[in-house]
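**Q** One letter stands for each residue in the lines below.
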Amino acid sequence: MAHKYDVVIIGSGVAGALCAWKLSQLGNYRILILEAGDNAITRAQRIIFQNNMDAQGNRGDMYAPYNNLESRIFAPVPENAQLELEEQRGKPGVPPKELYYDYGDTKHAFKAGYNRMVGGSTWSWRGNCPRYLPRDFKLKTLFGVGRDWPLDYNELEPWYCDAEWELGVSGNHKELDGLFGGYRSRPFPMPGIPLTYSDEQIKKRIDGADVLGTKVRVVTTPQARNSTFFDGRPACEGESNCIPLCPIQAKYDATTHLRRLLQNPEIHLKTAAVVTRLHPGADGHVHDVEYIDWRAKKTHTVRGAVVVLAAHAIETPKILRMSSNLANSSDQVGRNLMDHIQFELIASFPEPLYPFRGTQSVTGIEAFRDGDFRSERSGFRMTIGNDGWGRTGAPASVIDRLLKKGTFGSALPGQIQDQITRMVRLSFSTEMLAESNNQVDLSPNKDVLGIPRPRFRFDIGAYVEAALRRGMEVSTELFKIMGAEIPPPPLPKPLDNPATGRMNWNTAAHIMGTCIMGDDPKDSVVNRWGRAHDVPNLWIVGSSVFPTSATSNPTVTLAALALRTAAAIDREM
Amino acid sequence: MDTRNFMELSALLTGMNKIVDPVDKQLNESTADEYLRRLTGEFPVVLPRLLAAYNRLASIVPKPAIDDGLLGKLKAEPEFAESDVVHVAKQIVNIWYFSQFNTLSGSMVDGGLYERGLVWPLIKAHPIGYSNQPFGYWTKKP
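The listed protein sequences correspond, in order, to chains E and A. First residue of the first sequence? That's 206 in the numbering used here, and the numbers climb one at a time after it. First residue of the second sequence? That's 26 in the numbering used here, and the numbers climb one at a time after it.
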């Protein structure tokens with residue numbers, strides 16, 4: 206049977222969209238993108254999502270705009286994953302929360318979520334685009350922990366430049382060129398987002414300070430957010446709503462590339478298509494991709510000369526496991542699951558900062574990301590928030606607390622104004638190591654289509670826990686230098702939770718690992734180009750191929766790799 | 026139900042004179058109508074009891090919009106010893122500041138007029154997600 210398509214790509218998020226886009230620029234390929242979700246990518250769809258948030262009254266919830274999508278029934282998402290393990294699992298007499306995730310013998314919950322929709326998780330990402338540092342690629346060699354990548358910073362650097370242009374990253378070249386040895390061969394396509402009034406006040410107090418032996422610099426975070434009109438999208442208007450939705454698409458999301466792709470008659474997008482199985486032929490190649498069309502309630506099979514898995518780091522290994530354990534002679538599919546484990550400390554600044562004006566975060570502190578300590582504990586990247594107390598307390602929680610104390614009447618407006626305008630947070634994201642015992646596999650419990658739900662075994666590990674403690678010490682010291690007051694318990698949450706015996710960490714929802722790349726087919730799933738060691742025409746793009754998680758938000762790195770993999774596929778076609 | 030009384034009680038509880046300010050009256054009356062409708066829908070018994078308690082005390086006309094003395098008297102009324110009544114009083118505050126409120130079981134309900142939340146001008150920010158200002162406005166002190 207002839208191949209109907211040259212390339213079948215599974216997943217329409219940033220990895221799949223960029224891979225398709227690059228291929229479409231390199232050749233006249235017939236490409237089919239299969240997507241489990243079924244939302245539109247129009248301006249009207251964005252307005253509907255925006256209005257949904259009002260109705261649900263919760264702008265911090267990454268799923269709030271998307272709750273009403275019919276696809277949520279057939280392609281469920283882990284909407285309760287951020288809850289503690291006990292709440293997710295349920296207790297005697299207390300049913301578990303409505304679950305997509307399942308747990309076997311695990312120490313920790315896997316708290317990271319993702320979107321299963323056209324455009325993927327970029328609808329609700331923050332947009333931060335820091336690159337990996339050169340030493341992030343050589344963790345095993347330099348520090349004796351984790352793994353090495355099969356490629357290095359030099360090899361990826363030109364692709365980082367391309368990715369920054371595709372995503373539309375604003376940033377200040379001079380601030381970041383040479384960061385821990387990470388040179389930049391090209392400037393960003395746009396200058397950095399200007400600092401908020403809040404950032405300026407904080408910077409005045411801490412920039413250049415010595416914090417527990419490290420000199421601190423407040424740096425503009427490179428972010429896929431327009432600082433000028435760029436790529437047909439407007440400059441940021443400072444909606445303070447980056448997560449869960451940029452109302453004006455000043456922040457990049459994958460619909461940018463999807464809209465462009467769909468102008469090409471050779472490129473098709475099939476939505477409401479949940480892939481269930483890849484069928485290998487006698488030649489060891491995968492040709493047939495089986496999917497359920499949940500609208501038509503039918504199963505279909507489609508053929509492609511090349512198949513690209515771009516379904517993010519949970520659904521991608523699930524599909525391989527459901528395909529008779531395809532591409533898994535290494536036994537590494539689903540293993541080495543990683544997230545950026547983070548925590549935040551909150552305080553009241555000595556004067557009003559006027560948060561919630563501008564993006565949710567403009568600046569960060571890079572100084573703690575690298576150092577010889579990485580043989581013992583992970584580094585961390587710090588974010589300076591412009592969103593009040595972030596996850597610890599929305600503005601509405603201030604009023605809740607005042608009302609609980611019985612504060613009504615003339616005392617309320619002044620206290621609300623005083624407390625909310627002085628809110629500030631520092632958060633720190635740590636690096637998890639790739640460990641084979643941290644894994645996702647198939648649960649015996651099924652979703653509504655009869656597809657196994659993902660089941661997790663997860664332990665953040667002592668390497669991360671030591672870094673979280675250090676992050677708390679650094680944040681506490683930074684607030685001391687600022688003259689900011691950390692409120693008494695229960696705000697902020699303490700790092701250690703005596704009730705569970707575990708730390709109160711948060712997820713950054715940066716899902717990585719599960720199909721990692723390496724030179725040795727015995728202990729990795731794909732090679733340095735993203736091709737499955739075991740299946741010559743199967744390629745994987747996305748953060749599932751990362752062998753280290755580093756301290757960088759993963760998108761610009763996965764974008765660089767997806768472009769590079771597309772070029773490799775083109776060479777092979 | 027008397028919107029005017031609801032507005033007076035709202036001003037008393039929230040401490041926001043703006044609710045009954047004659048300049049903003051037209052805008053706030055339509056807002057109050059909607060909030061009263063939504064709160065009454067959720068609290069059909071308790072809200073009228075709270076309003077009745079207020080009406081018993083607040084029969085003198087004219088009276089100051091923000092009157093902590095009157096608020097103290099209201100809090101001393103027998104109804105205010107009931108947790109459900111206090112809950113509804115808190116939700117009157119919530120709906121005016123954030124256009125959302127909580128049911129007795131803790132579920133959040135939309136007030137329908139998110140952008141009109143009184144909190145935004147108070148903290149000198151636009152409603153989150155509804156910037157009406159150009160690129161870079163955030164660099165300046167509001």
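Check each hint, because a few of them may be wrong.
As the list claims (entries may be wrong) - Simulated crosslink set (DSSO-like; lysine-lysine; CA at most 30 Å straight-line): (1) Lys-115/A / Lys-610/E; (2) Lys-43/A / Lys-698/E; (3) Lys-408/E / Lys-149/A; (4) Lys-149/A / Lys-302/E; (5) Lys-698/E / Lys-98/A; (6) Lys-302/E / Lys-100/A; (7) Lys-165/A / Lys-409/E; (8) Lys-610/E / Lys-98/A; (9) Lys-165/A / Lys-408/E; (10) Lys-609/E / Lys-98/A; (11) Lys-100/A / Lys-609/E; (12) Lys-43/A / Lys-685/E; (13) Lys-685/E / Lys-165/A; (14) Lys-379/E / Lys-166/A; (15) Lys-100/A / Lys-610/E; (16) Lys-296/E / Lys-312/E; (17) Lys-165/A / Lys-609/E; (18) Lys-609/E / Lys-115/A; (19) Lys-149/A / Lys-610/E.
Stated by the list, open to error - Chain A regions said to be covered by chain E (calculated; three or more residues, Cβ under 8 Å): (20) 39–51; (21) 112–122.
Because the hints were derived from the structure by calculation, they are not lab data. Remember, it's a predicted structure, so these values are computed and weren't measured experimentally. Glycine included, C-beta positions come from ideal geometry on N, C-alpha and C.
**Q** Go through the numbered hints given earlier and state which of them the structure violates, listing their numbers in rising order.
**A** 2, 4, 5, 6, 12 and 17
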